[in-house]
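Asks: Sequence:
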Amino acid sequence: MEFEDIRLLLELLQEANVPVCVVVKQGIELRVRGNDLEAAASIFESKKALLEKADEIDLNIYTEYKRGFPRFRFCSKPSICVVLFTDQHCHLDPLHEHVVSHQEHQDAKEYSPKILDSVSADQLATLPLPRFVPLFMGFCRTYIETQEVTAAIAAELLVDGMNLDEEWCQTHFHTSQSSELNLP
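All the letters of the sequence shown, read from the start, carry residue numbers 1 to 184 under this note's numbering.
It is worth saying that the hints were derived from the structure and are not from the lab.
Warning: the hint list may mix true and false statements.
[What the hints assert, rightly or not] Here are the simulated lysine-lysine pairs, BS3-like style, with alpha carbons at most 25 Å apart:
#1 K53 with K77
#2 K77 with K48
#3 K47 with K77
[Claimed, not checked] Okay, the calculated beta carbon distance ranges per label pair:
#4 P113 with Q88: 26 to 32 Å
#5 F69 with H172: 27 to 33 Å
#6 K77 with Q170: 40 to 46 Å
#7 F69 with Q14: 18 to 24 Å
#8 K48 with V133: 23 to 29 Å
#9 H102 with L8: 15 to 21 Å
#10 D165 with N17: 37 to 43 Å
#11 Q14 with Q170: 17 to 23 Å
#12 Q103 with Q14: 16 to 22 Å
#13 H172 with K48: 41 to 47 Å
A virtual CB, placed ideally from N, CA and C, is assigned to each residue, including glycine.
Starting from the given sequences, assemble the full structure and let the hints guide the process.
Replies: Shown next, in the form of structure tokens:
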């Protein structure tokens, strides 16, 4: 993940008043409100010197979740793909309620070491990232609803990366979310 590339994409969307958050799952994945998906894709399509529509990929168990969402690649770095998703795709709707505020970034005590391998803490503080609990629960819910393997893997990576235990889950999940708590 290249910070400068992400910042550039965010600026394009923010200039058009398209709220966005960054979810790093595979490549650069951006979440926008459902009613902004078409506008966001049009913005990227209009930047022909920067981005081009990515070729369709052969879908498999690890890429199936990208089906139907706009994909782009940087003209100067064809190996870097960008996928636009709706906030509903990972249960981050309404988006504005699930993005870490600037103040929360300032108060952050730590970030996952996995993400700090790619981006510094100072750089992370400038990115619109999803709140941890809604992101984690969204991955769990997505897996429960769709049996999408990558959602389960993403949830597992969050658990491992942040060293979460059952007590943490009991504290952050409501008892009505027992199916999320009982993921295999």
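Asks: Are the hints correct? Go through all of them and say.
Replies: To see whether the hints hold, each was checked on the structure:
no.	hint	verdict
1	K53 with K77	13 Å, holds
2	K77 with K48	13 Å, holds
3	K47 with K77	14 Å, holds
4	P113 with Q88: 26 to 32 Å	30 Å, holds
5	F69 with H172: 27 to 33 Å	28 Å, holds
6	K77 with Q170: 40 to 46 Å	43 Å, holds
7	F69 with Q14: 18 to 24 Å	20 Å, holds
8	K48 with V133: 23 to 29 Å	39 Å, violated
9	H102 with L8: 15 to 21 Å	20 Å, holds
10	D165 with N17: 37 to 43 Å	41 Å, holds
11	Q14 with Q170: 17 to 23 Å	37 Å, violated
12	Q103 with Q14: 16 to 22 Å	18 Å, holds
13	H172 with K48: 41 to 47 Å	44 Å, holds
In summary, the structure is inconsistent with hints 8, 11 from the numbered list given earlier, while agreeing with the others.
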